[in-house]
Amino acid sequence: METLPLLKKLSEASGPSGYEGAARKIVRSLWEPLADDVRTDALGNLIALQKGSGPEPRPVIMAAAHLDEIALIVTEIEKGFLRFYSLGGVDRRILLGLEVIVHGKRDLYGIIGTRPPHVLPPSERSKVLFWDKLFIDVGLPEEEVKDLIRVGDHITFSTPLLELRNGLVSGKAFDNRASVTALTLALETLGHQEHAWDFCAVATVQEEVGLYGAITSAYGVAPQLAIALDVTFAKQHDDSAAGVFELDKGPTIAIGPNFHPQVVEQLRKTAGALEIPHYIEPVAGRSGTDAWGIQIAREGIPTGLLGLPTRYMHQPVETMSLRDIERTGRLLAHFVARLDSDFRPQWEDENE
Amino acid sequence: MSEALINKLQTLSEIVALSGHEVTVRRALRPMLEDHVDEIRVDAMGNLITRKRGDGETKLRVMVTAHMDEVGLMVTDHTSDGGLRVDSVGGINAHLLPGLQVLVGEEQIAGVIGLKAIHRAKESEFSQAPALDKLVVDIGVDSKESAVNLAPVGTPIAFPPKFRELGATMMGKAFDDRGGCAILTTLLQGERFAFDLYGVFTAQEEVGLRGAYVAAYTVEPDIAFSLECTVADDLPKEEDEDVSPTTELGKGPAITVMDHSYVTPPHILRLLIEAAEAEQIPYQLKQPGISGTEPGAIHRAKGGVPSVTIAVPCRYIHSPLALMNRQDLENTLRLVRAALNRLTVDYLQLA
Chain U
4 METLPLLKKL
14 SEASGPSGYE
24 GAARKIVRSL
34 WEPLADDVRT
44 DALGNLIALQ
54 KGSGPEPRPV
64 IMAAAHLDEI
74 ALIVTEIEKG
84 FLRFYSLGGV
94 DRRILLGLEV
104 IVHGKRDLYG
114 IIGTRPPHVL
124 PPSERSKVLF
134 WDKLFIDVGL
144 PEEEVKDLIR
154 VGDHITFSTP
164 LLELRNGLVS
174 GKAFDNRASV
184 TALTLALETL
194 GHQEHAWDFC
204 AVATVQEEVG
214 LYGAITSAYG
224 VAPQLAIALD
234 VTFAKQHDDS
244 AAGVFELDKG
254 PTIAIGPNFH
264 PQVVEQLRKT
274 AGALEIPHYI
284 EPVAGRSGTD
294 AWGIQIAREG
304 IPTGLLGLPT
314 RYMHQPVETM
324 SLRDIERTGR
334 LLAHFVARLD
344 SDFRPQWEDE
354 NE
Chain Z
175 MSEALINKLQ
185 TLSEIVALSG
195 HEVTVRRALR
205 PMLEDHVDEI
215 RVDAMGNLIT
225 RKRGDGETKL
235 RVMVTAHMDE
245 VGLMVTDHTS
255 DGGLRVDSVG
265 GINAHLLPGL
275 QVLVGEEQIA
285 GVIGLKAIHR
295 AKESEFSQAP
305 ALDKLVVDIG
315 VDSKESAVNL
325 APVGTPIAFP
335 PKFRELGATM
345 MGKAFDDRGG
355 CAILTTLLQG
365 ERFAFDLYGV
375 FTAQEEVGLR
385 GAYVAAYTVE
395 PDIAFSLECT
405 VADDLPKEED
415 EDVSPTTELG
425 KGPAITVMDH
435 SYVTPPHILR
445 LLIEAAEAEQ
455 IPYQLKQPGI
465 SGTEPGAIHR
475 AKGGVPSVTI
485 AVPCRYIHSP
495 LALMNRQDLE
505 NTLRLVRAAL
515 NRLTVDYLQL
525 A
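Heads up: the sequence lines are chains U and Z, in that order.
My numbering puts the first residue of the first sequence at 4, with every later residue one more than the last.
My numbering puts the first residue of the second sequence at 175, with every later residue one more than the last.
Please note that a few of the clues may not be correct.
Unchecked claim - Selected chain U positions facing chain Z (in silico; Cβ < 8 Å):
1. G116
2. R168
3. S173
4. T219
5. M316
Treat the hints as calculated values from the structure; they're not laboratory data.
Positions of the beta carbon are idealized from the N, C-alpha and C atoms, including for glycine.
With the hints as extra help, turn the sequences into a complete structure.
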C-alpha cells in the first residue's frame, strides 16, 4: 500500500475517544484482506490475527496502535451557538479560527469563534481563552441547531492532510493514525513473510482518556509479548530541549521501566540488522502510551514501544515524516518475523 | 440574481490577494467588467478604476468603492532550521494563528503554524497566547538557505481558500471585502444610472485606506459609497460584558453612522434610510465606534466628499474563515441600488 493515501484516509477519518466507529470501519476494511480473522471486542478495539507458522500452541505477539483522537464535545447550546469542552487533551491555544465538523444527526461544518478582540480590555487580549469564551458556530438558526445537535455530540477538526516539503506531512489525528498506518504496513509485509508467532494487530480505543482499550485488549489477546506504537516529540522551532527527536531520522525505541530489556534489545538488533535509523528514547516512568496499560495486564506482559517523532502534538497540524512511518512499519514487521518459536523474553537472573 | 451574486462572492473570495498584491483580483475582475463599463484603468496605487456613463442630464459624479485586498502575513526573517518568521499585513489577532494551515507565496507552498506540545509547555507558555514575533511558519525545509530560496523576505502568506454554504449562511475566507467587490461588480454589470458611476476596486485598505485616498483625489466624486463587510458580534454574552453586537447576521445591511475614521453626514444617512424604507429592505445601523473604513480617507479628499459605508455583517472577519448571511449580501446590493436610483442633487444639500 502507498503510505501517503493510506495516512490521508486514516487521518481524515473521525474517531474521538469512545466514538471510534467511523475510523474503525475504515481500518477493518483495510485489515480484513490481510488477516485470518478480524474481530471487535466489547470496548471497541479492533483485533486482527495473522496466524504464524510455528508449532501449536503458538506464542502471540500483540502490536497496538490507538485509533482514537483528541476531539471536542458539545456541553450546551445557547442562542444557536455551541459551548463545548475537550474530549482528551485538547490544546486551547490553537482552537480559535479552526473549522470543525459537528457530528450531530448529520455532520455539520462549523467555526470555532469568540467575540471580536476589540471588546476585550487590553490586559485580557493576550490571554489564552478559557472554554467559557469559546463557541462553535454552525451558521444555522437556533431552532435548526437544536433539532440537529444534542449535548454530548462530538466534534472533530476538519483539517485535510497537507504535504509539506522534504517528505513531511501535516494533519490532524496523526497521533495516532500514523502508527495505525505503520501497523497496517506491517500487516501487509507479514502477509507474505513467514513468521513463527501469531501476530495480533490491535487498533485500540480510548487511549487519550486513560489507555482503556489497551488494558482490555491485552487481557483479551493474552500475548506473550507486546509492542505499542505511538507518537513522540520532535524537535521544532520552539522546542529543542532534551526529549525531542529530529524528523526523518527514524522511530524511537523506548527504554525504561515500562519496557522489558529483552524486547528493547531485540528491537535494537532488528533495527541494526536492517540498517533502519532510530533513536533510543529514555522514558523514566509513565510512558503515557498503550505500553503503560499493556505491561500490567494479566500476569504481566513484556512490552516495548516504538515512537514516531511528531511536531506540534495534539494540534491539528501535527507534522511528521512519511519515511519515519514506513521505517516503523518495516521495523515492526521484521521484529515479528525474527521471533523464534521458543523465544520468550526473560530476566537475566530468571534461571539462576 | 442571488445565485449569480453568490457565485461572484465564491470566485472572488477564493482568490489570494494581500495588500499590495491585488493583481490577482484585478485580473479576475477585468473580464467581468469590460463589456459593462465605458472606461477601465489601473492607477499608481493599483486601484482598478472604472467609469459607467450615466444616461441622464445630471452632472453628478458618484463613486462606489470596494477594497480588493485581504489580511494575511508576510515573511520577515528565517530561522536557522528553515522556519519562516512573520509579521501581519493588516489587523490579525495572533491568537488565531497557531494550529492553522497557510499558503506561502505565489506558488502557494503549504505551511503550518504550530506550538510546543501541550505536554511540554510550561504554565506560562500555556496561559499567555504567543506573540506574533514568536510564531514560525513551517514549510518542511530544514535549512535557512532552503527557506530563503523558497520564501524570501516579503513573501505574502495567506489563509487557504475555502467556501461552503451552511444553509442560509456562507463560510469562506476574505469575505472582507470580496463581498463588497461582488456587489460592486454586479452594480456595474447592471443598468446605467442617471449619473456617471465610478466603480473603484481599491488597493491596500487593510493597511490604512491607502487606495481610497488617491482614488478619491483622482475621481473627485460629489458623493461616495463604500461597500464593506463588517464586524458582527452577536454571540452570547455575559451580563457584565459590553453587550453591543455592533451588527447582527440576518438583519440586513449595516449603515455606518460613525466609526473611528469618519462621521456620516445626516443627509446621506437620510438617503439610505429613505431608500430602505421605500423599498422595504431590512437594514441596521452599525453601532458607532468600531473600525475604520474608506470614507475616513474619502470624506477629507480635496474640498470634502460626503461619504458613507454600507456593510454586510460578517462574523469572524480578519480570521481564516468568516460567516455571512445570503440575504444580507443580497439586501446590501438592493439597498445600494435603491439609494443610487433615488440619488439627486437635492440629497447633497446640507440642512
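Task: Violated hints - listed by number, lowest first - done: Hint 4 alone not satisfied by this model.
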